[in-house]
Amino acid sequence: MMKHRYQTPMGPLWFLKREGYRRFMVREMTAFAMAAFLVYLLYWLRAIGDGYTAFVQMVELTRNPVTVTLLALAFGAVLYHSITWFNLTPKIMPMYVAEEKIPDVWAAIIMGYLPCAAVTTVILWSVMRTG
Amino acid sequence: MAFKKSNEAFWWSLFSAGGVASAMFLPALLVVVCVVLPNQYLDDPRASYEHLFSLVTWWPVRLLLLGVIGFSFFHVGHRIRHVMNDLGWRQHTAPLSLLCYGGALLGAATAAWIILTFPAVPQ
Chain A
1 MMKHRYQTPM GPLWFLKREG YRRFMVREMT AFAMAAFLVY LLYWLRAIGD
51 GYTAFVQMVE LTRNPVTVTL LALAFGAVLY HSITWFNLTP KIMPMYVAEE
101 KIPDVWAAII MGYLPCAAVT TVILWSVMRT G
Chain B
1001 MAFKKSNEAF WWSLFSAGGV ASAMFLPALL VVVCVVLPNQ YLDDPRASYE
1051 HLFSLVTWWP VRLLLLGVIG FSFFHVGHRI RHVMNDLGWR QHTAPLSLLC
1101 YGGALLGAAT AAWIILTFPA VPQ
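So the sequences go chain by chain: A and B. Here the numbering used here is used: the first sequence runs in plain steps of one and ends on residue 131. Here the numbering used here is used: the second sequence runs in plain steps of one and ends on residue 1123.
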């Protein structure tokens, strides 16, 4: 960024002006919720390493209504990020078959939603499998 | 007009890798910690813990978790840096970058430390 360049004056709430700006800001703000969730995941991993007592404490913390509320918000943020990311991918990396461009919806399903569904299935199956 | 040299491409590559990793994996991880673990725990707490321990300490899973969490930290760091810029922090580029990428590095390093130093057997 060059010094002394003219910058258009903008108030801190400039993004409220238009629908597109507002959705942009919601998407960007999901990063804060995701950062918090990543730190919470680190606490989980630490507890798993520390032992059974720490694991039980972490389960109790997760069952706390305050934590449940925060995690519900984080879930909304994470889903919003995934959906916007998958829908964006074909715009950055269009897919072609021969010389024909695949519609963005299909490209998003092939590059985003399907792999995500597969990954989710494998993870849930691995965690729920017993014995 | 001369352009100032920029490291944006490097940070963007980490942002992009983290964007893919978090979009693919974080919904599932959230369901696991919020829904699966608390319910599985009710059935048999000790067995639930030991199963989770053996899963998480399996080396392919460790490396995957490290990759997902590490890149995701850089993803959110980059995004927060840009959104704070957009909200009017343009005059504080250096401290903001230091805070965001430094924080991401700290998060990734902490993840590495936790994941690489798991005990050999469940405690």
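What the hints contain is simulated information worked out from the structure, not anything from laboratory work. Be a bit skeptical, because a hint or two may be false.
[What the hints assert, rightly or not] If you want the ones that stay clear, here's a sample from chain B, every Cβ over 12 Å from chain A, calculated:
(1) Ala1009
(2) Phe1053
(3) Trp1059
(4) Leu1098
[Claimed, not checked] Derived DSBU-like pairs (lysine-lysine); straight-line CA-CA distance at most 30 Å:
(5) A/Lys17 x A/Lys101
(6) A/Lys101 x B/Lys1005
(7) A/Lys91 x A/Lys101
(8) B/Lys1005 x A/Lys17
[Stated by the list, open to error] FRET-style restraints, in silico, Cβ to Cβ:
(9) B/Pro1045 x A/Thr121: 33 to 41 Å
(10) B/His1092 x A/Leu88: 50 to 58 Å
(11) B/Pro1119 x A/Pro12: 30 to 38 Å
(12) A/Ala36 x B/Val1121: 30 to 38 Å
Glycine is no exception: its CB is placed at the ideal position from the N, C-alpha and C atoms.
Task: Structure versus earlier hints - violations, ascending order - done: 2, 5, 6, 8, 9, 10 and 11
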